[in-house]
Amino acid sequence: MRSPLRLAPLRPTRLRLAPRTLRGRLSLIALSTATLLMLVLTTVFNIVVRHRLQHEADDELRARAAAVATTVDTHGGRVRVLGTSNDRLLDTNVWIYAGPRLLEGPPSAERSGALTRVAGALAARGGRGCATVGGHDPVRLCAEPVGDAGVPAAVVTALDLSPYRSSADTLLLGSFALDTVMLTCTYGLTRLAVGRALRPVRTMTDQATQWSAVASEERFGSAGRPAELARLGASLDALLDRIRAVLRHERQLTGELSHELRTPLSRIVAELDWWRSRPRSQAETRATHEVIAEAAQSMRTICDTLLNEARDGVPTAPGTVDVLPVLNRLAGGPDATGGARITVTAEDPSLQAGVRPELLERIVSPLLANALRYARADVTVTACRPAGGAVYVDVTDDGPGVPESFAGRLFEPGRRADPGDGHGGAGLGLPLARRLARSVGGEVSYDPGHAPGARFVVTLPPG
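The sequence shown maps to residues 5 to 467 in our numbering.
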């Protein structure tokens with residue numbers, strides 16, 4: 005039996021109206037703003053132009069009415085039209101009324117036509133007034149009173165508005181054409197300007213990507229840059245500094261893990277080589293397994309200690325430890341093998357410090373290993389708590405000591421006073437001890453006044 009065919013649900017597609025690039029979005033905003041502004045300006049301009057053209061038409065009509073009024077005589081209580089040499093010119097589109105009675109009209113106008121009715125209405129209204137008779141060819145009519153109030157008379161003149169309307173329409177089309185050209189130029193120039201303005205941003209982005217990949221010390225700075233790019237450069241510089249710090253911390257953690265795990269791994273390899281060299285009894289095999297298990301547990305403790313300390317912002321319980329047993333265990337462990345004699349003393353056998361046992365081991369172990377590496381005969385480890393304050397652990401040796409020129413760089417990761425002195429080491433033990441001590445509010449310091457040999461002092465919170 006065939007299983008029914010399942011169709012994947014259709015996902016609605018959304019039309020992306022906004023451009024994906026910042027240049028496109030800014031250009032679109034500029035184009036929209038310019039379009040709205042051009043539309044408002046064009047509308048206002050054409051309204052003003054049409055109003056102005058109509059005002060000019062009214063002025064022309066009144067001027068013609070005033071000229072015709074000179075041919076009207078209202079003396080003696082009668083209204084008479086005087087003859088002149090320009091009667092034919094003056095009578096074109098002119099109506100003369102005595103009260104509501106039409107005395108004279110244009111030859112081409114019918115007495116019952118629309119223009120004559122509007123002219124009669126304007127004359128009967130009295131005073132000045134204008135009206136427009138619409139249609140395909142609009143006509144403007146204006147009335148001008150003649151004579152005094154005792155003898156009402158009026159002259160009405162008419163003017164074809166088609167030429168004025170044609171001029172207004174031509175100006176409107178010209179405005180639209182000019183707006184189109186202006187908007188096209190605005191869009192093109194905006195894209196060009198924004199593209200040129202964003203070019204340094206693209207360059208800075210590419211440089212930041214390249215510099216962050218190799219932890220470069222190159223930085224952008226703010227000199228000679230606009231305010232916006234200066235702020236961007238400062239942000240990118242801070243980001244690059246954080247990336248460089250993270251990479252440096254990662255390398256430091258990797259080096260510290262390698263440094264601390266080297267000894268237990270060497271013990272595991274040595275025990276396995278010894279066990280494989282010839283057949284062993286069950287007791288010897290069991291002892292080998294115990295050594296390997298102890299070394300593996302030590303590795304686990306080292307990893308947990310360093311990784312927990314490396315997690316910024318993750319609080320860990322401070323814990324409490326008996327100092328003397330930890331120091332004795334370090335002095336009797338496999339790391340302490342060598343020609344130098346180790347002496348461990350404490351002013352109080354029950355002295356406690358406010359740290360976890362594994363953290364105390366990781367703080368003191370590099371100092372003890374360093375002392376055994378350079379000591380001639382004796383290494384002394386002393387624990388005390390003067391006046392009930394912090395706990396001090398002194399690690400001293402009778403070796404050549406630290407060169408005065410190198411004392412200032414003693415706790416810098418990867419630094420050694422003499423890399424060719426024949427002793428192993430990567431220069432990570434002392435920096436690691438100081439960092440772990442500071443993580444619990446303590447300190448590891450070097451005493452430059454001690455002689456002969458070297459003296460390191462571990463300061464820990466009390467338990």
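There's no promise every hint is true.
Here are the in silico distance ranges between beta carbons for each label pair [stated by the list, open to error]: (1) Arg-56 with Leu-107: 44 to 52 Å; (2) Leu-107 with Gly-133: 34 to 42 Å; (3) Ala-231 with Arg-442: 55 to 63 Å; (4) Val-205 with Arg-442: 37 to 45 Å; (5) Ala-217 with Leu-26: 37 to 45 Å; (6) Asp-62 with Leu-175: 55 to 63 Å; (7) Asn-332 with Gly-225: 49 to 57 Å; (8) Pro-204 with Glu-60: 51 to 59 Å.
Derived from the structure by calculation, the hints contain no laboratory data.
Ideal Cβ positions, reconstructed from N, Cα and C, are used throughout, including at glycine.
Each hint, compared with the structure:
1. Between Arg-56 and Leu-107 the C-beta distance comes to about 34 Å, which lies outside the given range of 44 to 52 Å.
2. For Leu-107 and Gly-133, the hinted distance range of 34 to 42 Å is not satisfied, since their beta carbons lie about 19 Å from each other.
3. Remark: the range hint 55 to 63 Å for Ala-231 to Arg-442 is contradicted by a beta-carbon distance near 40 Å.
4. The supplied range of 37 to 45 Å is met by Val-205 and Arg-442, whose beta-carbon atoms lie about 40 Å from each other.
5. At roughly 24 Å, the beta-carbon separation of Ala-217 and Leu-26 lies outside the given 37 to 45 Å, and the hint is violated.
6. Look at Asp-62 against Leu-175: about 19 Å separates their beta carbons, and that is not inside 55 to 63 Å.
7. A hinted range of 49 to 57 Å for the beta carbons of Asn-332 and Gly-225 is consistent with their spacing of about 56 Å.
8. Roughly 55 Å separates the CB atoms of Pro-204 and Glu-60, a value that falls within the hinted 51 to 59 Å.
When held up to the earlier numbered hints, the structure conflicts with 1, 2, 3, 5, 6 and fits the remainder.
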